[in-house]
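These protein sequence lines map, in sequence, to chains V and P.
Residue numbering for the first sequence follows this note's numbering, beginning at 1 and increasing consecutively.
Residue numbering for the second sequence follows this note's numbering, beginning at 1 and increasing consecutively.
Simulated from the structure, these hints should not be mistaken for lab results.
Since the model is a prediction, treat every value here as computed from it, not as a measurement.
You may find that some hints are simply not true.
In silico DSSO-like pairs for lysine-lysine, Cα to Cα no more than 27 Å straight-line [stated by the list, open to error]: (1) P:Lys391 to V:Lys4; (2) P:Lys252 to V:Lys4; (3) P:Lys402 to V:Lys4; (4) V:Lys149 to V:Lys159; (5) P:Lys44 to P:Lys90; (6) P:Lys381 to V:Lys7; (7) V:Lys7 to P:Lys386; (8) V:Lys151 to V:Lys165; (9) P:Lys381 to V:Lys4; (10) V:Lys7 to P:Lys402; (11) P:Lys238 to P:Lys402; (12) P:Lys495 to V:Lys44; (13) P:Lys391 to V:Lys7; (14) V:Lys11 to P:Lys381; (15) P:Lys454 to P:Lys23; (16) V:Lys44 to V:Lys26; (17) P:Lys454 to P:Lys391; (18) P:Lys23 to P:Lys44; (19) P:Lys386 to V:Lys11; (20) P:Lys238 to P:Lys182; (21) V:Lys167 to V:Lys157; (22) P:Lys391 to V:Lys11.
Covered, in the sense of this in silico footprint (three residues per stretch, anywhere, with C-beta under 8 Å from a C-beta of chain V), are these stretches of chain P [to be verified]: (23) 49–59; (24) 354–361.
In this text, a Cβ means the ideal position worked out from N, Cα and C, and glycines have one as well.
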Amino acid sequence: MVLKNLKMTLKRSMSGVEVTRLYPEKIMDLPDAERGVHVLDIRKCIGCGACARICPNDCIELVPYARGNPLKNKKQQYPQVDYGRCMFCGLCVDDCPASCLTMSKVFEIAGWNRDDIVYSPEDIAVGMYTDQELAELAEEARKAEEEKKRKAAEAAKAKKAKAAKAKAAEEGEKGSGEKSAKNKAE
Amino acid sequence: MTTANDVLSALQSAFPGAIEEAKVDPERQLWATIKPDRIVDVCKYLRDNHNFDHYSGAAGVDRIDEGLFEVTELLASHGAHQVVALLKVKTPRDNPSVKSLTGLYWNANWYEREIWEMLGINFEGHPELYPLLLSDELMGAWPWRKDYKGYPDYNTAERAIEKVNPEGYTDYSFTPTEAEIKAGTVPFERPKYPTFREREEMEIKGESEMILHMGPQHAVVPGPFLLDILVDGERVKKAFLDVGYIHKGIEKIMENRTYTQGIPITDRLCYMAALTNNEAYCGAVERLLGIEAPERAQYIRMILEELSRIQSHFLGTAEFLTLIASAVYSPFLYMIIDREDVLSCIESVTGARINHSFVRFGGVRNDLPEGFKDMTLDTLKMIRQKTEEYKELFSSDSIYQKRMEGVGVLSPSDARRLGVSGPPLRASDTPFDMRREDPYLLYKDMDFEVITRKEGDSKARVEVRLDEILESCYIIEQCLDQIPSGPIMAEGVPKRIKPEPGEAYYRVEDHRGEMGFFVVSDGSEKPVKVKARGPVYAYFQALPPLLEGVYIADVVAIAGSMDACTSEVDR
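Using the sequences and the hints, build the whole thing.
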């Protein structure tokens, strides 16, 4: 009996199963399905807040973000995740209608302060706009704005002109009426 | 075979007028509202004439709009038929009182105590209405009632008043402020009962007897709970259990979350059984919604739940080995190493090693990744080989045999009476398995054996677990062969889950036994009531009678062979 057990122990020790990992240097292979730190595709996000609503721990908050797409609504907000509360359940990812929120394999997020593990949209974003793109988009936005303004101005002008014409016509009628009255009196 | 309709017609003819409304929905589940004064007679009739010998639990629901409390008793049978009877009793909200079933079913004791302390429903004829999970300060506040306003924050110690009691211990008390009394957050009248300590000291009869404390923090208990044994010499005369040290109020939390947000919370009942807890909860809500998961999703659920069963049994056996003697520490580590491979298989699908939050209403979260089949088959081959080795090791080790044989014997009739389920019940020669008894998912198509043992001792319980690992391997192989391609989410699952008003009960075979979820909906986004009927709650309740008359050294061997989880008991 003893020999048998000893044999088993020896067999286990010789089997070469890797038990201890040199952790910081060597990280185990994580599957693609791994639920780690979020990844936000900033170009796809529509700022609907579905992730914040479904979150059971209230760890997602929508905050303004300066480097968002200037073509979109300027008041659009993006999710910020507080990893002090997050339990990595993945409900936010499932509920995202634009499929812009995913989870990565990153799990080493320890920090010295509570604020260190509050990840702003900038920390979790991918596909962020470069400065050049932002400038171009801003230019586009400016142009669009100008176009809009110009159109508005034109429309206003046209409206004004129309109004003036109508007024003039009215005045003219009135004027002619007065004139005729004057004429009559004369 | 008895069907639910047969039971219903028999009840209606035996008790004309006592059954107010009744329905059979779905097949095998009988829902009936019984007049409060006839409930004991009806249950006695069902137990004696229709084999309803398994008391599965009770759930209390606060129907504040109707001014009523409802107590739903869940009755089932140990294999004679597959009908579950859910008998409802209504009682007015002011001065609520229901007749106790403790005279019929021994294990109704704890379920009724819990409803009493949480909702304030008095159980007439209950032998010991003492608090079970709640602390003494909360007694009388009735926290599960819908009009419960919350308890004042006593976490800041500034308000604590120190007082030295006659025995020399320092007690801390909190005097409620005027505002708190006005707001009604502080209970005025507390029920009178002897404390846990007074109750156990009442039992000391002679000079030679003393009380030995094991826990709440003790190396041999799987979580914080107090096991006090009254010993006379080296024999245990009586055992007392005090639970509730990690009461989290999960059921109340789930009432304040939407249905979807409840899924991650069910993981936290017990992280070892996260997938089956998900399954039980999602199954109950799917019944409410009237949807069914597509075939592929059901296969994925089965594969993962069986993998989860393997890892849980490995850890359960490993922990047990460390409990009986710290000398057998190497098998513990061996099993942990083997378990890691199983966890890697689960992780490759769910994305988490524990606390999976994987099952969704009407499907699953992810599809199986590429290469999953090969990886799992390799792992299963390894598991099979290792499990055979462990079995051989245990059966050839004479020290282990002498330590385990005939220790904590649970006879079949006792096991049924005490209400245990899962491996401890199957080790007592009762083939009671939800996968056969109340087939959920596609288990009815699977070929597997329900493992039983005749002895009913600690050794048999461990053997059942090891054999179930092999059986699970077999089920997974069948699933991997048969799994069809197709969608993993049912069509027409609404984005906002709002089930029709109604109730549903769904039970699955947890790694430890019968796990059931009772969900009540009122048509809104949040459930009115979620009741988790866990298997370990029943194990713990059965511990004191099981420990009577054993040696002190065997207490650990018996309690450890149950593979308990305090987190699930306290919820």
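Tested hints:
Between lysine 391 of chain P and lysine 4 of chain V, the direct Cα distance comes to roughly 13 Å. Compliance with the 27 Å bound is thereby established for this hinted pair. Of the supplied pair hints, the one linking lysine 252 of chain P and lysine 4 of chain V is violated, its CA atoms being roughly 53 Å apart against a limit of 27 Å. Annotation: proposed proximity of lysine 402 of chain P to lysine 4 of chain V holds, straight-line Cα distance about 18 Å (limit 27 Å). Between lysine 149 of chain V and lysine 159 of chain V the CA atoms are separated by roughly 15 Å; this keeps the pair inside 27 Å, and the hint holds.
A hinted pair counts as satisfied when its Cα atoms are at most 27 Å apart, and lysine 44 of chain P with lysine 90 of chain P qualifies at roughly 19 Å. Of the supplied pair hints, the one linking lysine 381 of chain P and lysine 7 of chain V holds, its CA atoms being roughly 21 Å apart against a limit of 27 Å. Of the pairs offered as hints, the one joining lysine 7 of chain V and lysine 386 of chain P holds, with about 14 Å between alpha carbons and a cut-off of 27 Å not exceeded. Proposed proximity of lysine 151 of chain V and lysine 165 of chain V is supported: the alpha carbons are some 20 Å apart, at most 27 Å.
Between lysine 381 of chain P and lysine 4 of chain V the CA atoms are separated by roughly 22 Å; this keeps the pair inside 27 Å, and the hint holds. Restraint check: the Cα-Cα separation between lysine 7 of chain V and lysine 402 of chain P comes to about 22 Å, which is no more than 27 Å; the hinted pair holds. Restraint check for lysine 238 of chain P and lysine 402 of chain P: the C-alpha separation of about 24 Å stays at or below 27 Å, so the hint holds. Proposed proximity of lysine 495 of chain P and lysine 44 of chain V is supported: the alpha carbons are some 20 Å apart, at most 27 Å.
With a C-alpha separation of about 15 Å, the suggested pairing of lysine 391 of chain P with lysine 7 of chain V holds against the 27 Å cut-off. Of the supplied pair hints, the one linking lysine 11 of chain V and lysine 381 of chain P holds, its CA atoms being roughly 17 Å apart against a limit of 27 Å. For a cut-off of 27 Å, the pair hint linking lysine 454 of chain P to lysine 23 of chain P is broken: about 39 Å separates their Cα positions. Straight-line distance between C-alpha atoms of lysine 44 of chain V and lysine 26 of chain V comes to about 34 Å, which puts the hinted pair past the 27 Å bound.
Using a Cα cut-off of 27 Å, the hinted pair lysine 454 of chain P and lysine 391 of chain P holds, with the two alpha carbons roughly 17 Å apart. Taken as a hint, the lysine 23 of chain P and lysine 44 of chain P pair is honoured in the structure, with Cα atoms around 20 Å apart against an allowance of 27 Å. Of the supplied pair hints, the one linking lysine 386 of chain P and lysine 11 of chain V holds, its CA atoms being roughly 11 Å apart against a limit of 27 Å. With a C-alpha separation of about 44 Å, the suggested pairing of lysine 238 of chain P with lysine 182 of chain P is violated against the 27 Å cut-off.
Between the alpha carbons of lysine 167 of chain V and lysine 157 of chain V the distance comes to roughly 15 Å, so the proposed pair stays at or under 27 Å and holds. Only pairs whose Cα atoms come within 27 Å are accepted, and lysine 391 of chain P paired with lysine 11 of chain V is accepted, the gap being roughly 16 Å. For the region 49–59 of chain P, the stated coverage by chain V is not satisfied: 0 residues place a CB nearer than 8 Å to a CB of that chain, which falls below the threshold of 3. With 3 residues having a Cβ less than 8 Å from any Cβ of chain V, the region 354–361 of chain P passes the three-residue criterion, so the hint holds.
When the structure is compared with the earlier hints, violations turn up for hints 2, 15, 16, 20, 23 and for no others.
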